[in-house]
Amino acid sequence: MSGVTPFVFRLALVLAGSLLSAGILAGDKPESIRVGLAQYALVVGKPTDALHWVYGLQSDDAGLVRGQAYADLGLPARSETELESRIKGDTPANASARLTLAKEKRQLGKQDEALALLKQLHRSQQGAVGQEASFLLAENAIASGAFDLAGKVLGASTGGYWTALGYLNLATAYARQDKDTARSLIALRVARSMLDDNPDAGLTELIQRIQITAGYLALRSDDPEKAISFLNKVALKGYRTPQALYLHGLAEAQKENYRAAMQSWHRARKFPLGFPGAAEAWLGMGRGYDESGYLGLAGEAYLSAIAAFQGEVVTLDTLMKQIRQEGGYHSMVLSARSEDVEWFLADSKTLTQPRLAYLMHFMEDASAQKAVRRVASLDAMEHELQSRSADLVVFRRMLENRLRTVSGASGAGDLERLGHKIEVLADREAALRTRLNEAESGDGAAIASGETAKKLAQVRALKAKGNLTAEESARVERLEGVLKWQAQEQYDLARREHEKNLDVIARSLAAARSGYDKFESERRSAPDRFRSLLGRVESAQKDVDRKLDRLATVKQRSEEVLDAALLEFLQEQSRVMTAHLDRSEQQIAHLYEYLAVSSATGQKQEASQ
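Mapping to our numbering: the sequence shown position 533 is 792, numbers consecutive.
Take the hints with a grain of salt, since some may be wrong.
Calculated pairs, DSS-like style, for lysine-lysine (alpha carbon to alpha carbon, straight line, at most 30 Å) [claimed, not checked]:
#, residue 1, residue 2
1, K514, K496
2, K714, K724
3, K369, K411
4, K369, K629
5, K713, K680
Since the hints were made in silico from the structure, they are not lab data.
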């Protein structure tokens, strides 16, 4: 795998580089928001997205995100370099970064530096980070045989998942070393107590493992009652269930309660043979009938076991054939992920349940999880790049259409007519303004309008009659003067209103002329801009294609590693299943031999009588 790492680092920046090429990197967002989005991407398991959001940022927070992302992508050297230069202070974020740095140093073989960081975190005990650091220190002590030191480290840690897992591993280590299981059971009791007050539903699997391990150790200590008390606490629906049922049957058989033992084994047989304990339960049924004296039923049980094991060997061969033809990731991981209602309705001998069962069994190993995660990450990157490539194709076609449109426009159509209309309106506005400025007030009676003009006409009619007294003539003259003044006032108000309207029209026409000139300028330069954008898109397309080619090479290597690991695992499962098959055949052969001998002995006794 060492040859894959340099490629993986370059591919880790594929998405960020593609986004930059397409011009859609959110660089206008504040740095704090981008760092927050990157941290969220890390939490949901998308390190490439995290690198995209912190691209170009040089702050310590952004550097910590980059270091964590490199670690998730399997780049310990890059992660170490980034984290060591950014870790400052004892904040929770820095504590998490120190833990990551310690893990990366362990991968790089720098055990002393890693242990120093882990001890520092163990002393600080900062929540889950401190617990995990204590767990890793205890694991290191267990690996070196320093069990007392491991117990001391775990004893100083706070309760929680990692501490409980540490005690479980310590119990397993004790069991490998000691024939007496007392120390192992005590460690398991402590492990279980670490989870009593924790409501996290994700701890269920760990609790099941603790109970099953305790049950096994109690069986090894010839204490079936205690084993049953532990195993009764295991859930009846889960990956560990057939293993617990098988051990439960052994405990009942140890008490010579074979009926109860066979009830447990019968329930375990309903699970896929890929689950631990399921295959052993098939053998247990024959043994249970044999010990109970039902030899005929024992023979039927062994024949059923032989048929089940033969079918499972065929299933394993089919799975291995699919892996060789389609690849392990597609035939095992993706196919298992796509199962829905049909998975629950399928018969246990079909290929769907065994596929998922063996995948779960395979994923128990940490190296297997890394191999699957690596291929999954590369597969997600490939889909993302293919999506970007499709987007660039659409964008290129749109730009080409726009380029043809603007290049074919001569400027003599509607756009030119619109410009001409703007100029005509501008000339009319100028002419109206000139006429308004040149207009004179003139005679008030001549410019009157509306009600004022009507009253002036009446005054003129009264004067024309000539039969007015001097006093009435004076009053009519005064009224006429008032009406002329009103007419003049109305004219001045109307003139000012017209001037305002002309000012508004002038500003609108100026804005229209400015917009028209700007649009015309942009129209003339549009072909060059579209050609420039097309050049950038084509460059980005070539860059994405190159990265897809490199990604295909790396993905192929990673898939080959996963395929080899899966094939080796399934071959081992096939050997195990073949061994169970041989044992079943031996058992039924012994049974038939016993029946034959018993029958011959009975016949001799009858003859002698």
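Each hint, compared with the structure:
| no. | hint | verdict |
| --- | --- | --- |
| 1 | K514 with K496 | holds (25 Å) |
| 2 | K714 with K724 | holds (16 Å) |
| 3 | K369 with K411 | holds (24 Å) |
| 4 | K369 with K629 | holds (21 Å) |
| 5 | K713 with K680 | violated (41 Å) |
Hint compliance for this structure: hint 5 alone is broken.
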